[in-house]
Amino acid sequence: MSTLFGFGIGIASLNKQDQMLDTLFPAPLAHVSTDQSAQLLAALKAAKIDYNGGNAAIRINVQECRALAQALAEQPDQAAIAKHLSDTERQPVVVVLATDSEPASVAEAYLKLQLLSHRLIKPHQQNLGGIFACLPNVAWTSEGPIDTDELAERQLQARCEGRWIDVKSVDKFPQMTDYVVPSGVRIAATSRVRLGAYIGAGTTIMHEGFVNFNAGTAGTSMIEGRISAGVFVDEGSDLGGGSSTMGTLSGGGAVVISVGKNCLIGANAGIGIGLGDRCIVEAGLYVTAGTKVALLDDKGELVSHTKARDLSGKSDLLFRRNSQTGAVECKTHQSKVELNEALHANN
Amino acid sequence: MSTLFGFGIGIASLNKQDQMLDTLFPAPLAHVSTDQSAQLLAALKAAKIDYNGGNAAIRINVQECRALAQALAEQPDQAAIAKHLSDTERQPVVVVLATDSEPASVAEAYLKLQLLSHRLIKPHQQNLGGIFACLPNVAWTSEGPIDTDELAERQLQARCEGRWIDVKSVDKFPQMTDYVVPSGVRIAATSRVRLGAYIGAGTTIMHEGFVNFNAGTAGTSMIEGRISAGVFVDEGSDLGGGSSTMGTLSGGGAVVISVGKNCLIGANAGIGIGLGDRCIVEAGLYVTAGTKVALLDDKGELVSHTKARDLSGKSDLLFRRNSQTGAVECKTHQSKVELNEALHANN
Amino acid sequence: MSTLFGFGIGIASLNKQDQMLDTLFPAPLAHVSTDQSAQLLAALKAAKIDYNGGNAAIRINVQECRALAQALAEQPDQAAIAKHLSDTERQPVVVVLATDSEPASVAEAYLKLQLLSHRLIKPHQQNLGGIFACLPNVAWTSEGPIDTDELAERQLQARCEGRWIDVKSVDKFPQMTDYVVPSGVRIAATSRVRLGAYIGAGTTIMHEGFVNFNAGTAGTSMIEGRISAGVFVDEGSDLGGGSSTMGTLSGGGAVVISVGKNCLIGANAGIGIGLGDRCIVEAGLYVTAGTKVALLDDKGELVSHTKARDLSGKSDLLFRRNSQTGAVECKTHQSKVELNEALHANN
Chain A
32 MSTLFGFGIG IASLNKQDQM LDTLFPAPLA HVSTDQSAQL LAALKAAKID
82 YNGGNAAIRI NVQECRALAQ ALAEQPDQAA IAKHLSDTER QPVVVVLATD
132 SEPASVAEAY LKLQLLSHRL IKPHQQNLGG IFACLPNVAW TSEGPIDTDE
182 LAERQLQARC EGRWIDVKSV DKFPQMTDYV VPSGVRIAAT SRVRLGAYIG
232 AGTTIMHEGF VNFNAGTAGT SMIEGRISAG VFVDEGSDLG GGSSTMGTLS
282 GGGAVVISVG KNCLIGANAG IGIGLGDRCI VEAGLYVTAG TKVALLDDKG
332 ELVSHTKARD LSGKSDLLFR RNSQTGAVEC KTHQSKVELN EALHANN
Chain B
32 MSTLFGFGIG IASLNKQDQM LDTLFPAPLA HVSTDQSAQL LAALKAAKID
82 YNGGNAAIRI NVQECRALAQ ALAEQPDQAA IAKHLSDTER QPVVVVLATD
132 SEPASVAEAY LKLQLLSHRL IKPHQQNLGG IFACLPNVAW TSEGPIDTDE
182 LAERQLQARC EGRWIDVKSV DKFPQMTDYV VPSGVRIAAT SRVRLGAYIG
232 AGTTIMHEGF VNFNAGTAGT SMIEGRISAG VFVDEGSDLG GGSSTMGTLS
282 GGGAVVISVG KNCLIGANAG IGIGLGDRCI VEAGLYVTAG TKVALLDDKG
332 ELVSHTKARD LSGKSDLLFR RNSQTGAVEC KTHQSKVELN EALHANN
Chain C
32 MSTLFGFGIG IASLNKQDQM LDTLFPAPLA HVSTDQSAQL LAALKAAKID
82 YNGGNAAIRI NVQECRALAQ ALAEQPDQAA IAKHLSDTER QPVVVVLATD
132 SEPASVAEAY LKLQLLSHRL IKPHQQNLGG IFACLPNVAW TSEGPIDTDE
182 LAERQLQARC EGRWIDVKSV DKFPQMTDYV VPSGVRIAAT SRVRLGAYIG
232 AGTTIMHEGF VNFNAGTAGT SMIEGRISAG VFVDEGSDLG GGSSTMGTLS
282 GGGAVVISVG KNCLIGANAG IGIGLGDRCI VEAGLYVTAG TKVALLDDKG
332 ELVSHTKARD LSGKSDLLFR RNSQTGAVEC KTHQSKVELN EALHANN
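Heads up: the protein sequence lines correspond to chains A, B and C, in order.
Throughout the first sequence, residue numbering follows this note's numbering, covering 32 to 378 in sequence.
Throughout the second sequence, residue numbering follows this note's numbering, covering 32 to 378 in sequence.
Throughout the third sequence, residue numbering follows this note's numbering, covering 32 to 378 in sequence.
I should point out that these hints are in silico values taken from the structure, not numbers from a laboratory.
A portion of the hints provided could be inaccurate.
To be verified - One-sided and incomplete, this derived list gives chain C residues near chain B with beta-carbon spacing under 7 Å: (1) 117; (2) 118; (3) 122; (4) 215; (5) 220; (6) 250; (7) 251; (8) 315; (9) 357.
To be verified - As a list, the in silico DSS-like pairs of lysine-lysine whose alpha-carbon atoms are at most 27 Å apart: (10) A/338 to B/330; (11) C/292 to A/292; (12) C/203 to A/330; (13) C/203 to B/323; (14) A/153 to A/76.
The C-beta atom is built at its ideal place from N, Cα and C for all residues, glycine as well.
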């Protein structure tokens, strides 16, 4: 029997041309076990839903939805959703991802983003190639997603009727919390966390924090800075207010930035390199890959000058700008000998 | 025949004292052609709307609105709006701007702001003098604009009735997207773009981006930083996350900051001077007008020290802070001779 | 007779387990006079509300609410609220704070936060110990506060019914403006000002501004930066765009940061020390307590090198980074002799 990469029963919003704007999957599944995959596929068949293998996003009607709810007796969570959707005038959808290939439709893209935000898949652990092309640019409003071409008319009509349509975002990605609020998190300003963010339990994202899609935190973190697309912050690390992370190693192409455990990036600081564990970047200092750094040993003695790029991913580093000389320095807990060896080894 | 500077049929919100809080103009007009001006003025007359020349904001009733819709047969877009507004219990308004003088009422100020956001007038191309005095401070809520003096009572009443009034802003300027979403843009956090912003087609404003009124972008841009009042960013230029622009040349009075084509202002960087084309400001560096800069030629040789003010608006400059000496440097593609000539010419 | 520390008649939101999520107090009282305290307590008795002294948050029913409205004849503001709440299906609450001890319940914590935002108590002038433990983590939505455990079901239900629940925040603290908008302020992005902020009349908080609880401004201020928990900014001081304040003296434990009168913290700058009056921190410079500063006298002559910590709270200082040498400098209006004396006196 096959093992499904992903599965979800969802509810979609459509524009007036019947095109899909988004899909909510209340309980998506990833890396579905062989047994569960078999049960799900059998239920689709029993409900006479037109699935013919491979990856597919299938719009179903109310009758199919009811039949699916019955057929899913062995999967009570999924059955409950199907039951809920039997009662809607929106568009119920079933998405089956047999394999982890590029998303090919709105609903598939939304499923993959929700796998991340439900913490079922970590950043970089699935194929999101071409996702921008799958996602329509949507006006996210107090009345739900609206096609940007239909917005002006809707806004005028609402005004005339004494209502008000609040447009909170015009973007390809909606905010995560309109789809899922994972357990154990606080997110002070939800508009700044995109669907597709992976927010670890124990994370607090303050008002100045931001998390892009395919990015996030592993666990306990205080995030008051910006986590760019692709960046992952490990357990126990904090991003100070207004701090910045570059999405990929600046000037270094496709190397993705990550932050190790128990790091601190100070307020208004920034990194264009990755950090290992227990690193500190002083408030206000921006370290790019090309920054020339004076490397100091555990006694504060100069070991050598090096590009920050060569220190990317190493642990126990303190980056600061010497406030008397203006030089960017990197202080370590290691002796001069250890440092020289580390630098001359391949990075 | 006269040519109108501006024209709009709109729908206004009023407070309990019948004072205007805002006005939406679904299809405002600027620099109206002689023919169209004549047709509009004739329609006002035919509908017996009390317009006596000059600049005026005229409240009209439902009957006048219907008459106007009929009289505007030659202007179908305007007729459609008048028809829409015949059916509202809000306040229909007609604004005629014979000339570009200072806005003299709420409705006139709102028309001028919407001319900017509809991309009919570029920043600095109309008279906005005294606009702050025209604009009331309003609570922008999920139930529309509410007079700040009426807010507490409304909020308590809503709570008692099991509803919730969300106050998203208390400001003289509303967010642009509640009035117009121009074509070809993405605005991730609409609360950060004020009405009166001019957002060029092809611009993406990320969550950390901000655009004030009478400011904006000409075309394709990725904006993750702050565009202050009056600042205009030309085609192809990007503002990095958390980057800052000063509204006027710092310490230099009324000289407005602009950014040329294909520039990059790095994350957490900032400018207090204007930039020409193809300039780069390194991440984390704030260049104010008074910053002393070591000017380097195409070989990296020091040409001279100069105030950044003297480099304002010049092209092909790279600003950075030397990470070994702490000195702010400006590197160009020009030879020493060319640079010396440029510096000694009047700026 | 006793004097009450605080008093409020409020309206609470409950979750499905009947637990309190928040409480709105439309007209809270602090440092209640002896006479008024006596009247309030007499009214509670007359309305047969079960108050037995000390600090208490008492849920009352509709009958008690009506009785209280009648018994409060001498307190028309409070009577009006009680009358309003007689008509709700939400939960009316009376909170009596006989003393300023740690808040012991949701309603008590909310009363204390509202005393701050109603400008009845300044930051640090009341006991907020243990307040985090009192406050539940709540999803703040377009339908009001929702228990995070109940959110997903509510969101799915709303979608099926064609509605949309917008989750604007998941946090222990709500935004201030859903409880009170104090007079004389503008707050461009209300999501960035927490309940418990104290915003002085004459303050404008721009889109990039932020104010935490138990923090704020005394009077006229332009706030485009972040006021951390505990920080208080005095009359006439401005925080530039993206500027940062640390909550407590960095590396200095419990000393709370404050900013004196007529200071300017430049864009993207930051402070980890307190400022006296008329201080300037240059755009882009972050001064932490440990920053070594070259102290210059009124002639620009070097007096000595000192840690910024030793300059905390002093007046008439200009902090800048020398753009030629990279050294952080502090320039004063004082002569060398005066400065030497000031430095050698106990700080």
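Going through the hints against the structure:
A cut of 7 Å between beta carbons decides the hint on residue 117 of chain C: the least distance to chain B is about 9 Å, and the hint is violated. With a least beta-carbon distance of about 6 Å to chain B, the hint placing residue 118 of chain C at the interface is held under the 7 Å criterion. At its closest, the beta carbon of residue 122 of chain C sits 11 Å from a beta carbon of chain B; the interface hint therefore is violated under the 7 Å criterion. The closest approach between the C-beta of residue 215 of chain C and any C-beta of chain B is roughly 9 Å, which is over the 7 Å cut-off, so the hint fails.
Interface restraint check: residue 220 of chain C against chain B, minimum CB-CB distance 5 Å, threshold 7 Å, status holds. A cut of 7 Å between beta carbons decides the hint on residue 250 of chain C: the least distance to chain B is about 17 Å, and the hint is violated. A hinted interface residue such as residue 251 of chain C counts as satisfied when its beta carbon comes closer than 7 Å to some beta carbon of chain B; here the least separation is about 15 Å, so the hint is violated. Annotation: interface hint on residue 315 of chain C holds; nearest CB of chain B at approximately 3 Å, less than 7 Å.
About 1 Å separates the beta-carbon of residue 357 of chain C from the nearest beta-carbon of chain B, less than 7 Å, and the hint is met. The suggested pairing of residue 338 of chain A with residue 330 of chain B holds, with an alpha-carbon distance near 21 Å, which does not exceed 27 Å. Between the alpha carbons of residue 292 of chain C and residue 292 of chain A the distance comes to roughly 41 Å, so the proposed pair goes past 27 Å and is violated. The straight-line distance between the Cα atoms of residue 203 of chain C and residue 330 of chain A is roughly 44 Å, outside the 27 Å bound, and the hint therefore fails.
The straight-line distance between the Cα atoms of residue 203 of chain C and residue 323 of chain B is roughly 47 Å, outside the 27 Å bound, and the hint therefore fails. Simply put, residue 153 of chain A and residue 76 of chain A have alpha-carbon atoms about 31 Å apart, too far for the 27 Å limit, and the pair is violated.
Hints 1, 3, 4, 6, 7, 11, 12, 13, 14, counting from the list given before, are not met by this structure.
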